[in-house]
Amino acid sequence: MSKRNTSDLTRLLIYGALIFICVYNLAPFLWMIFSSLKTEAEVKSYPATFLPHVVTLEPYANILVWGGFITYFMNSAIISFSTAFISSFVGALAGYGFSRYTFKGRTSLMTVFLASQLLPGVLLVGPYFRMLTLIKLYDTRIGLIVAQTTITLPFSVWMLKSFIDTVPVEIDQAAMVDGASRWQAFFKVVLPLIAPGIVATTIFAFLLAWGDLLWALCLLSSPSLKTVTLGITELVGQFRIRWAELMGASIIASLPCVILYLFLQSALTRGFTAGAVKQ
Amino acid sequence: MLRRKLSAVALVFVLAIVLAIGVQSPMAQAQKKVTITYADWQLGQVIWGRILRESFAKFERLNPNIKVQDQPIALAQLGTKLSVAAMGGKGPDVFATTADLPRQFIDNGWLKDLTPFVEKEGGEKFLEDFYPVSLKLVTVDGKTWGIPKNIVAMMLVYNSQMFKDAGLDPSNPPKNWEEFLESAKTLTKPPTQWGTVIVMAKAGFDLRFPGILRGHGGSFLTKDWKRSALDSPQAKEAFNYVVDLVRKYKVMPPGPDAVGANEARRLLAPKKVAMIIGTMWTIPEVSGMNPDLHGWEVLEMTPVPIKKGLDLKTHTVLYQKSLFMSPNTEHPEEAWKLIKFITDPEQMQTWFVWQSMLSCRKSVNETFPPILQSKYAGLVAKEIPRGDFLPLIPQTPEILDTFRSALTSAVTGMEAADAALARAHAEINEILAR
Amino acid sequence: MRLRTKEYEAYLFILPALSMLIVILGFPFVMAILMSLNLAWVKSSLLGFTFENYSRLFRDRVFYNDLIVTFSFVVSTVGFHLLLGLGVALLLNMEIKAKRFFRVAAILPWTIPDVIAGLIWRFMFDPLSGIINSVLARLNLIQLPITWLSDARLALPSVVFAEVWRGYPFVMLLLLAGLQSIPQGLYEAAEIDGASAWKRFWYISLPNLSRIIMIAFTLDFIWECRRFGLVYNMTGGNPGHATEVLSLYVYKNYFVFFNFGYAAAIAVVLALIMMLISFPYLKASMKEL
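Sequence order for the protein chains is Z, E and R.
According to my numbering, the first sequence holds residues 1 to 279 in order.
According to my numbering, the second sequence holds residues 280 to 713 in order.
According to my numbering, the third sequence holds residues 714 to 1002 in order.
It should be emphasised that the hints constitute simulated quantities derived from the structure, not laboratory data.
Incorrect hints may appear among the rest.
[Said to hold, decoys possible] Some chain E residues judged to face chain Z by a derived CB distance under 8 Å, without partners named:
#	residue
1	Gly323
2	Ala353
3	Lys360
4	Gly367
5	Gly370
6	Ala482
7	Val632
For each residue, glycine too, the CB sits at the ideal point set by N, CA and C.
Chain Z extracted, bound-state conformation (with noise of 0.2 Å):
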């Protein structure tokens, strides 16, 4: 807004309001952070400290040598990696299809897209196992895969949809009086131009899937599958681990996340709100 006729006591309630809001959202980084760097003995101390007394990288150590950590994020990298791909793909399709026609019960179509997000995950994750389990599937990647394109196909759908509408339609027709055809204008002109859209659907829906404890949880059993996020559910309560390892096992699940959300958060507005940011 205006900086004019701002006193200086209503800058001071602004700045005081962002500092605290800073702290609030801060705070639990910074014990996360320094909690995974302090010793047994210290994590245990009551009142805790918040700066450790000791600096250690044991927790550290300890997380790789035990947790078969490494195993869980690579894990965690293919399976959110491939369902992003696959319902980026399928989602820019039908985003097309949404897009540049109009057809009976499109609207309809769309909202059933959207309300299967209202079919809560555990209603589904029962039967679906049922269904793994027919067909031998269960405890495999593919059988997660599949779960988690359901969680994020319609999210995709939508933004994508909102970022072909940006593209005028004016330049399919362009490609199309050319001599392409409607496949050729879709991915040789459009998909081109919403390339950054595209990345930006894909990470969503990555973390997403990175972030999914639900469906590890009932479909996963081989510790050589593991998730991370269902690795570090499953050192919870195991004797040998305490709350720095925890915490510095949180550090590593949540660093791939945060850094492609920060990247990416003005792409994911605009997918998010295209539609109603337009008016």
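With the hints as your guide, set chains E and R onto chain Z.
Just chains E and R now, kept in the frame of chain Z:
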């Protein structure tokens, strides 16, 4: 700007995938041997885990074509994890469980019948070294479903130094629950020290609270295991006793509902509490957590108290770790070799040295010199005949969960104690009626 | 603006996504309904069905308790998300120094997976080794440690507190984008007319934000109703059932107690409630898209 960001992101992806492939390929090469997966909650602990892995290394030297892959599972998730995997037609080839699970697993067909293997080893002759009470747990309809490994009775473990410091006589620990309460009050000095902590989280609950219930003359179920016995005055008394320890006398550290077996030991190690219900394993564990405690000298054991004036034949709870095979295993012969190896007398001896655990084999307990010389082993062995397992029915895990939820409700003030217990009583009857 | 030729092509584009949804969402959904009626996988009779699971549901006190817990959890988290999100979005939309820093700081919590947020906050609320009691004790505000997550009255608010922290930045991001899209001219004109800051907010910002607020509400409502990982890792529903949201109860019934039909019945009811509440908003959000 955006373009540069995007290429950075793309680079990260490519790197991640390359790395992933790099990690996967050496794994694929190791597949040539027969791999047996082994799940055990004790793998998730520093010393026990190391000893188990050393045993596996020895086993692999003796059987060069077999590779053992270990799978630690948190104790609180043991039942859930194993049963979901079994339902999905997967699961570890060999696994260890506590005494509350076998009946549920046998009932659901989640265990492989080991009778043919036992027959091949000599049948009766192979089994005769094990205590009858141990075999009772793993035998249904004359079939052997598992091989017993360790057995102990639950005891009261206390810190004699803290007793002395508080002016209590360490050679005269509480014998009944009335004395236990008085000692706990004397030992409580918040916010740094409390008298005791009773496990109320899932991990280890099955071994601790039932001792208090039995010690008041109560039980979860009627004698025929057909109905809940929680409406008895004895059960009410035991339930209220624990609720009062927390709410009225405040002799437990804050948040006892979240304390599992290991958290209890972590409170005993830095002298935050003075008494817990534990047994042989408590001593090496707690001593390892805090060497300054000098656990082997200051920690003492005594039978779990009984209500004053009661004369009970059995009152404490038995712990037994047994080994089982999954019906889904592709290598039953190799899996049996592993089970046999872990339960042989030599491995049992090693396990006593490192975990202080008594064996399910008579020959080991009666002849192994370190067991005969231990100051604790004799005390615990004397209590085994005075202990029993929880009801050997498939519903036991669910009954325990239901009860535990009522207990934590009462302890945290969500529900009045009487109402919570009455609810547990009704719900358990419903479970049994199904 | 849209091409009107060859309508069937549209279905070709949409078909892959639609068929995936049908196979992996629609099919399990139908299976769940059948299971809740004891129709599928019942050993005895395949044709008969019963409402046994639903009638049991209406007698189940835990279900009612969990319904109330879920309701309180969703209403308070979504409410605080909107309030706090709007407040912070207004702050960040002002002329301030170090804007980039404050922006990044403001969205950081949302980047943490809820599973991990649950762990962090469980540790922060830990009575003995957590930072919250430590701060209170050092300020001499408390004598004895407070048992945040083990107290019937404090447990749910603590969980809500954690989820407010994690979830509001997303709402804030949406609202901030909305605020930035409001033409500056509107504010300038109002200012010339002598409208106070409050009036400018009430008559210009809020009406212009209404659609975005609706989208944010709908998305957030759906997400919070489905919330699982945070609660699973923070309290697991304890103490008693004080923080047990319905999704956790369904999970427990299916994967811990193996009451498949009953679990399905609870989940169906949960889905119905979610649909009834959010469907009108969802439809409204879809308009003009």
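So which of the earlier hints does this model not fit?
Checked against the structure, the only hint that fails is number 7, while the rest are satisfied.
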